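Enquirer: Protein chains in written order, with this note's numbering: chain A, 1 to 254; chain B, 1 to 254.
Rather than coming from a laboratory, the hints here were simulated on the basis of the structure.
Being a predicted model, the structure only gives us computed values, none of them experimental.
Just so you know, not all the hints are guaranteed correct.
Since the list can't tell identical chains apart, any single copy or any two copies may satisfy a pair.
To be verified - With a Cα cut of at most 25 Å, we get these calculated DSS-like pairs of lysine-lysine: (1) K185 - K90; (2) K176 - K150; (3) K225 - K172; (4) K87 - K142; (5) K19 - K57; (6) K176 - K149; (7) K83 - K185; (8) K90 - K57; (9) K157 - K179; (10) K59 - K149; (11) K2 - K149; (12) K2 - K83; (13) K90 - K225; (14) K90 - K209; (15) K209 - K57; (16) K87 - K209; (17) K209 - K142; (18) K142 - K59.
2 protein chains.
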Amino acid sequence: MKPLILVTNDDGIIAPGIKALVEVMSTIGEVVVVAPDSPQSAKGHSITITDPIHIRKVKIFDGIEESYECSGTPADCVKIARKVILKNRKIDICVSGINHGSNASINVLYSGTMSAAMEGSLEGIKSIGFSLCDFSFEADFKPCLPYVKKITEGFLKLNQDTAKLLNVNFPKDEIKGMKICTQAKGNWIEDFQVGTNPRGENYYWMTGKFVNIDPSENADLNALKEGYISIVPVHHDLTHHEALHHNLLDDLIE
Amino acid sequence: MKPLILVTNDDGIIAPGIKALVEVMSTIGEVVVVAPDSPQSAKGHSITITDPIHIRKVKIFDGIEESYECSGTPADCVKIARKVILKNRKIDICVSGINHGSNASINVLYSGTMSAAMEGSLEGIKSIGFSLCDFSFEADFKPCLPYVKKITEGFLKLNQDTAKLLNVNFPKDEIKGMKICTQAKGNWIEDFQVGTNPRGENYYWMTGKFVNIDPSENADLNALKEGYISIVPVHHDLTHHEALHHNLLDDLIE
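Use the sequences and the hints to build the structure in full.
Expert: This is the structure we're talking about:
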């Protein structure tokens, strides 16, 4: 039986990146698309609990019967896909992307693409977020596609139940191969562009520069810089076990 | 010199929880408040990059000169506080909350309260998210306050630089003490309430029930159930190191 594949993203259902992803997935299994009706970049793991969500069946992807746009966030898309659209049918894999822009390093925390994949993995579904390090709407996804297929088929087959979630990033330029990586240490140096709005009030518009401070060859940012596709296994246990192990906080509760 | 304390939350600047937090913090140091101008629950680590952000100085808290409402998300509040309002002055601690509702277990991923504290810790600032397991707007924060003070002062003094972020949850009922905990394993069983909007279209409204599947006595949910305040040290490295250590993914790249 063909695997059931849920496809979503955060750039919105008409983004070229999800079109490319759907085309690859339709060569692997039965595809159901549920994606935001508008761009949702940097939405983190946001969910919609104080408002209703709307979904609408759309005809966008050649040969795909089941595709829906959703008024919610990427994580909402996965929740409503499972419960309302697929009525708890077993999803074999959830793929998100291909994002227009990098989600390497700590950007995994801000990423709508990865939050959708994370949501899948929280439900025990193998999930992958794919991102291309090119923010352009006209980004060329073609060189990524054979790897998207290979990684998805490989992850579906992989006989292990420990790593449920992958953060896959593609370098912008020529691809030299794939590497299993760690999340690079780095941070954003923010800046705010200040302006005055039509009502005479100041506004601030966030911008920034990312700084990679990780010297490790296996850090995702460094693999990408060398021309490799970075594959980071991701988990959702945010406990700082090292702090517990060394009893660093014991003085707090004395 | 008094420590510089940045206070924020996700329930919005007029929520009773932040008022209680500001009152405690003003007994510890110099307080600057930058908080959302509207409720931002379940916003995850969302940031605002495609829109401008507005801030406005407000007079809400007795004796606090520097307080601002911000049109952005909790994480935005921390970014704009650092860069625009405090102009890169050294913040000694960033506290977020007190949230009206639990952020224990995997709810740390969805939590706006914790995303603000996470944002502080990403910048190397010691940060704490405080939450009370009571969703009511009229929740009684009083029994928490001596502990909020003790934990904040203790964390400020703690001579270690490894654990930068704490997720602190208070039980709803009588407090028996404090416990250093792990993030409990658990998941949401979602449901969607279906209705018809005034335009005749179906809408779906997310609801759900949380299921705790963690048997460990040290899991935060279990400590809370026993009447203890749970303190989980949190980090932002989402790499699944166990998967790397056991080479679980090596077949993927062959």
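Enquirer: Hints first: check each against the structure and report whether it holds.
Expert: Hint check results:
With identical chains, the CA atoms of K185 and K90 are at most 25 Å apart between copies only, with a shortest distance of 21 Å across copies and 36 Å within one. For a Cα distance limit of 25 Å, the shortest separation of K176 from K150 inside one copy, 15 Å, qualifies, whereas the shortest one across copies, 54 Å, does not. In this assembly of identical chains, K225 and K172 lie within 25 Å of each other by CA distance solely inside one copy; the values are 9 Å within and 49 Å between copies. Proximity of K87 and K142 under a CA criterion of 25 Å is satisfied in neither setting, with 34 Å inside one chain copy and 44 Å between copies.
For a Cα distance limit of 25 Å, the shortest separation of K19 from K57 inside one copy, 16 Å, qualifies, whereas the shortest one across copies, 45 Å, does not. For a Cα distance limit of 25 Å, the shortest separation of K176 from K149 inside one copy, 17 Å, qualifies, whereas the shortest one across copies, 54 Å, does not. Proximity of K83 and K185 under a CA criterion of 25 Å is satisfied inter-copy only: 21 Å between copies versus 36 Å inside one chain copy. Taking the closest pair of Cα atoms, K90 and K57 come within 25 Å of each other only inside a single copy of the chain (21 Å); across copies the shortest separation is 51 Å, beyond that limit.
Only within a single protomer do K157 and K179 lie at most 25 Å apart by alpha-carbon distance; the minimum there is 18 Å, versus 41 Å between protomers. Taking the shortest Cα distances, K59 and K149 sit within 25 Å of each other inside one copy (23 Å), while across copies they are farther apart (57 Å). Proximity of K2 to K149 under the C-alpha cut-off of 25 Å is restricted to the intra-copy arrangement: shortest distance 15 Å within a copy versus 57 Å between copies. In this homomeric assembly, K2 and K83 come within 25 Å of each other (Cα to Cα) only inside a single copy, at 21 Å, whereas the closest approach across copies is 52 Å.
When the C-alpha separation of K90 and K225 is checked against a cutoff of 25 Å, the pair qualifies neither within a copy, at 38 Å, nor between copies, at 33 Å. For the identical chains of this complex, K90 and K209 are inter-copy neighbours only, at 20 Å across copies versus 41 Å inside a copy, given an alpha-carbon limit of 25 Å. Taking identical chains as interchangeable, the C-alpha atoms of K209 and K57 are never at most 25 Å apart, the minima being 39 Å within one chain and 28 Å between chains. When the C-alpha separation of K87 and K209 is checked against a cutoff of 25 Å, the pair qualifies only between copies, where the shortest distance is 17 Å, while the shortest distance within a copy is 43 Å.
Taking the shortest alpha-carbon separations for K209 and K142, neither the intra-copy value of 28 Å nor the inter-copy value of 42 Å comes in at or below 25 Å. Taking the closest pair of Cα atoms, K142 and K59 come within 25 Å of each other only inside a single copy of the chain (23 Å); across copies the shortest separation is 55 Å, beyond that limit.
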